[in-house]
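A.B. asks: Listed below, chain by chain, are the residues.
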Amino acid sequence: MSQETKESNQKKNYLLIILILFLITIIALGVTIVMLLLGGKKQSLLPPDYAPVETEENMDSVDGDETKLPQSEGGGAVGLTFSYEVNIDLSNGQATFYVKNPMKSNQDMVVQLVIKDVLVFQTGRLTPGHELSKMDLSDDVLNRLAAGGYEGALRFYYYDPDTGEKAMVNTNIPVNVTVVE
Amino acid sequence: MKTMKMAALAVWLWSLILALSIGVQANVVSIGDASNTKDVIGVCVPSTPEYHVIIEWTDMSFCYDTGKTMVWDADNNRYVEQVNGWNHDGVATVRVTNGSNVAITVDVIYTSAQNNLGVVGTLTNGSFVLPSAAGMPDNAPELSATATFSVADQIPNVSLTNEPIPIGTITVQITS
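So the protein sequences, as listed, match chains A and B.
Start counting at 1 in the first sequence, then tack on 268, and there's your number in this note's numbering.
Start counting at 1 in the second sequence, then tack on 353, and there's your number in this note's numbering.
A hint or two may mislead.
Not the full set, but computed from the structure, chain B residues with beta-carbon under 10 Å of chain A [as the list claims (entries may be wrong)]:
1. 402
2. 491
3. 524
Quick list of simulated restraints, FRET-style, between CB atoms [stated by the list, open to error]:
4. 316(A) to 420(B): 33 to 39 Å
5. 289(A) to 519(B): 51 to 57 Å
6. 478(B) to 384(A): 26 to 32 Å
7. 384(A) to 487(B): 22 to 28 Å
8. 331(A) to 492(B): 37 to 43 Å
By construction, these hints were calculated from the structure, which means they are not laboratory data.
Every residue, glycine too, gets a C-beta built ideally from N, C-alpha and C.
Produce the entire structure from the sequences given, and follow the hints as far as they go.
C.D. replies: Shown next, in the form of C-alpha cells:
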C-alpha cells in the first residue's frame, strides 16, 4: 500500500472517530435536555406575602366560642389545634392530617407541609372557624415519595383578615409523616 | 410452795399482759402510721394527646423617630436632648399558652432578614416548657410563657421612608 493511501486511510479513521464522539456528545446533550424538561418545576417554599384570595376548598366549618381572643393594636392572636401525625396514601394521592383555626382566632392561616425542603402541599386560606384534614398531592410530589416514614414539618403562616398582610410571626411544628402504598 | 406458785403465776400473767400490750401497741403503730405507709403515685397518660395552643403577639412593626425631645434630668436640674428612637421602646412580645392535655416544648426563634438595615434584633426567654393543662384552672399562669423581642437602640442604615422593610421573622416551634 502506498504512503498516500495509508495517510488517506488514517485521515478517514480520525474523521470517523471525531464523528462518533460528536454524535455521542449530541445524544448526551439531548438526553440531558429531555430530563430537565420532564423533571418538572420545583415548588417554591416561600409562602405568599399576602393571603390567597380564595379560601381552601377542602376546609370544613366548625362550631365554637365566637368570642375573639384579645389582641393588642397592631398585634395578632391565633388559636391552633393540630396533630403531630400526617399520613400520605400514594394510591389515592392524598395526605391526611388535622389542623384547626378556631373561631376565636384573629388571623387567617396558610399551612404548608414540608419534607426535607420539599414542599409537599400548601393550603389555600384557612379562615377562623374552620378545620382541615386532607389535601390532594401533585403527581410531581407523589413521584418523589416512597413508602415509609419521614420527618416533616407543618408550617403555619398568619394573615390579617382585613389587609391580607402576612404577620411577622409564624409557627413550625415537626411532624411524623407515614407514607403508604 | 404456795407462795412460789403464786409468784410464778404472777410472773406468767405479767409476761402475758406485757406481750399482749406490745402486740397491741405494734398493731396501733401499724395502723395509720405514716412511716409504715407508702404513697402510690401514678401519672395519668392520656390515651389520645390533643394539642391546642394559643399564640399572641404585640405590634411587630418598628419605626425609628429621629426627632428629639427635651427631657428633664432631675439629677442635674436641667433639660437634656433625647432622640425619640424606636416606637413602643423597640420591644415586642410573643406569648404562648398551652391548652393541650400534654406538656409541650416551645422554642421562639428570630431569623434576621438578609439586608443591610443594620437593625439588630434580640430574643430573650425564647425557650420554655409548658405543662399539660389537664386538671389546671383556666388562665393558670403556669400554662403561659412570654418571649421578648427587642431591637437595639441605634438608627438603622436606611434613608427615610414610609415603606415598611422586613427586618426578620419570628418562628414559634412547638414540639411534643
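A.B. asks: The structure should be examined with respect to each hint, and the outcome stated for every one.
C.D. replies: A quick look at each hint next to the structure:
no., hint, result
1, 402, "holds (8 Å)"
2, 491, "violated (12 Å)"
3, 524, "holds (5 Å)"
4, 316(A) to 420(B): 33 to 39 Å, "holds (36 Å)"
5, 289(A) to 519(B): 51 to 57 Å, "holds (52 Å)"
6, 478(B) to 384(A): 26 to 32 Å, "holds (31 Å)"
7, 384(A) to 487(B): 22 to 28 Å, "violated (35 Å)"
8, 331(A) to 492(B): 37 to 43 Å, "violated (23 Å)"
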